[in-house]
Amino acid sequence: MLTQVPKGTKDVLPAETARYQAMETLIREKTRLAGYQEIRTPVFEHTVLFTRSVGESSDIVRKEMYTFEDKGGRSITLKPETTAGVVRAFLESGLHNQAMPAKFYYLYSPHFRYEAPQSGRLREHHQFGVECFGAKEASADAEIIWLGMDLLRSMGITDVRLLINSIGCPVCRPTYRQALLFYLHSKKDLLCGDCTDRMDINPLRVLDCKVPSCQAQLKDAPRMIDHLCDECKKHFTSLQSLLTAAGLTYTVDTGLVRGLDYYTKTVFEIVSDADHGPLTLTGGGRYDGLVEEIGGPSIPGVGFGMGMERVLAHLDTLSVDQKKLHVISSVPDIYIAPLDRSLAPKAFHLLLQLRSLGVKADMNHTSRGLKAQFKYANKIGASFVAILGEEEAQKGVVKLRNMQSGEEWEATLADAPQQVKDRIENSNEEANS
RNA sequence: GUGGGUAUGGUUCAGUUGGUUAGAACGCCAGAUUGUGGUUCUGGAAGUCGUGGGUUCGAAUCCCACUACCCACCCCA
Numbered sequence: 001m002l003t004q005v006p007k008g009t010k011d012v013l014p015a016e017t018a019r020y021q022a023m024e025t026l027i028r029e030k031t032r033l034a035g036y037q038e039i040r041t042p043v044f045e046h047t048v049l050f051t052r053s054v055g056e057s058s059d060i061v062r063k064e065m066y067t068f069e070d071k072g073g074r075s076i077t078l079k080p081e082t083t084a085g086v087v088r089a090f091l092e093s094g095l096h097n098q099a100m101p102a103k104f105y106y107l108y109s110p111h112f113r114y115e116a117p118q119s120g121r122l123r124e125h126h127q128f129g130v131e132c133f134g135a136k137e138a139s140a141d142a143e144i145i146w147l148g149m150d151l152l153r154s155m156g157i158t159d160v161r162l163l164i165n166s167i168g169c170p171v172c173r174p175t176y177r178q179a180l181l182f183y184l185h186s187k188k189d190l191l192c193g194d195c196t197d198r199m200d201i202n203p204l205r206v207l208d209c210k211v212p213s214c215q216a217q218l219k220d221a222p223r224m225i226d227h228l229c230d231e232c233k234k235h236f237t238s239l240q241s242l243l244t245a246a247g248l249t250y251t252v253d254t255g256l257v258r259g260l261d262y263y264t265k266t267v268f269e270i271v272s273d274a275d276h277g278p279l280t281l282t283g284g285g286r287y288d289g290l291v292e293e294i295g296g297p298s299i300p301g302v303g304f305g306m307g308m309e310r311v312l313a314h315l316d317t318l319s320v321d322q323k324k325l326h327v328i329s330s331v332p333d334i335y336i337a338p339l340d341r342s343l344a345p346k347a348f349h350l351l352l353q354l355r356s357l358g359v360k361a362d363m364n365h366t367s368r369g370l371k372a373q374f375k376y377a378n379k380i381g382a383s384f385v386a387i388l389g390e391e392e393a394q395k396g397v398v399k400l401r402n403m404q405s406g407e408e409w410e411a412t413l414a415d416a417p418q419q420v421k422d423r424i425e426n427s428n429e430e431a432n433s
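Take the first sequence: its letters are residues 1 to 433, numbered as in our numbering.
In short, the hints are calculated from the structure, not lab data. Do not take every clue at face value.
Label pairs and their calculated CB-CB ranges [unchecked claim]:
#1 D226 to D70: 45 to 51 Å
#2 G296 to N432: 31 to 37 Å
#3 L33 to D11: 45 to 51 Å
#4 L352 to E293: 53 to 59 Å
Only pairs whose alpha carbons sit at most 27 Å apart, straight line, appear in this in silico BS3-like list of lysine-lysine [as the list claims (entries may be wrong)]:
#5 K30 to K136
#6 K360 to K371
#7 K10 to K219
#8 K421 to K395
#9 K346 to K379
#10 K30 to K63
#11 K346 to K323
#12 K187 to K219
#13 K210 to K63
#14 K30 to K7
#15 K234 to K219
#16 K323 to K30
Note that CB positions come from ideal geometry on N, CA and C, so glycine has one too.
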């Protein structure tokens, strides 16, 4: 218990954090190019924010939220998603009175959902996401979808499918809902138990059922895209021509329904076909009614969330030459080995000089002998070792050793930092060329 | 929530029909003469055998319960 992470959570160890950082760097570059600014919202919110936005009929609200009462008697929920919090912040701070459209992104945002963990499924996972407020035209949807695809592509992930659909708006969806319900009732006896339950809660979700027998019955079910009002139809057509113009290939999946209730018009998913089956890397869509639902003016919005753990897991399935994520190494360039503790001050001074030149440097902090220090330097992957013994100290030099070639030479304490720096830069250039 | 699998040193695993001080590999630490790593050799540290009951002269091994992890379903990122 004491040495075990809670179910469904994960430590990110140093071997992993570098990859997260690389991904975060890439995300910041790409979002900056697209005019999105970072926003950070609290890890917990008032429960009502989620019941209102995500929706009472969603699985998230019905059975997956980490909800508790704080000492002040408030009902608090650890955020199961971030859009609602961003909308809340957007309204609360009056950002909706500023220039619109307003574009935000959030990064490494922890999400909590009480689910049964399995591959690609955690109780705490992290998302990167974007939200764009005040733009109702389909080009905003297209921009966001393109951004999601471009980011994955920039990491080397190209073996994914883009699925899109339109789930209509408050004008056309009720009519469709009626038509669908009418159809579903006619097939009620042939559907699975989950589906008959879903009929009462949110009939659209029946379309999402994976049970083959249900899918067979749903083949002739009325489709939302056939019931779209003129505005929604135009929007969806417009989106498709924009995606085509952007060179994106996509599939219209008429069964695509999102689990959150606030979506309108566009919904999309970017799906990875992993060994065990499809896994959604990115999911999002338009939520034109959400800002108003949370108590603001009628402002349209569109956004997506990208599961960072899932993206990195997908990256693991790619071969080395497919990956493009640039991970910065923190392996020391040089390790300083003082032969005796009495030489530590000199070694320390050299260490700081190296670092001030931008060289990744480390030194011995134990009372180990030279041999053990070399072993350690080798294990951590240092390119050079600086040996500082009595002989060297008296001459005012250090002995430098190239750990790969075995070459050794002496340099004065004053010259050594620059010499090491030059050598490292040269070898980096060779590696890059 | 439902179903299946697993649980032995830091890691990956062996442990025969229950039988003495529970093993290996890798890793870790140290040594193989005087100040030198990656190879080799030698030695060392390290395990409440997931937890709690039960059967037995005796349980890592059999039985029961619980817990955790992995996988699938549901749903999602």
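Now for the hints, and whether the structure bears them out:
no.: 1; hint: D226 to D70: 45 to 51 Å; result: 48 Å, holds
no.: 2; hint: G296 to N432: 31 to 37 Å; result: 50 Å, violated
no.: 3; hint: L33 to D11: 45 to 51 Å; result: 33 Å, violated
no.: 4; hint: L352 to E293: 53 to 59 Å; result: 57 Å, holds
no.: 5; hint: K30 to K136; result: 22 Å, holds
no.: 6; hint: K360 to K371; result: 22 Å, holds
no.: 7; hint: K10 to K219; result: 40 Å, violated
no.: 8; hint: K421 to K395; result: 22 Å, holds
no.: 9; hint: K346 to K379; result: 24 Å, holds
no.: 10; hint: K30 to K63; result: 35 Å, violated
no.: 11; hint: K346 to K323; result: 43 Å, violated
no.: 12; hint: K187 to K219; result: 12 Å, holds
no.: 13; hint: K210 to K63; result: 20 Å, holds
no.: 14; hint: K30 to K7; result: 34 Å, violated
no.: 15; hint: K234 to K219; result: 25 Å, holds
no.: 16; hint: K323 to K30; result: 17 Å, holds
When held up to the earlier numbered hints, the structure conflicts with 2, 3, 7, 10, 11, 14 and fits the remainder.
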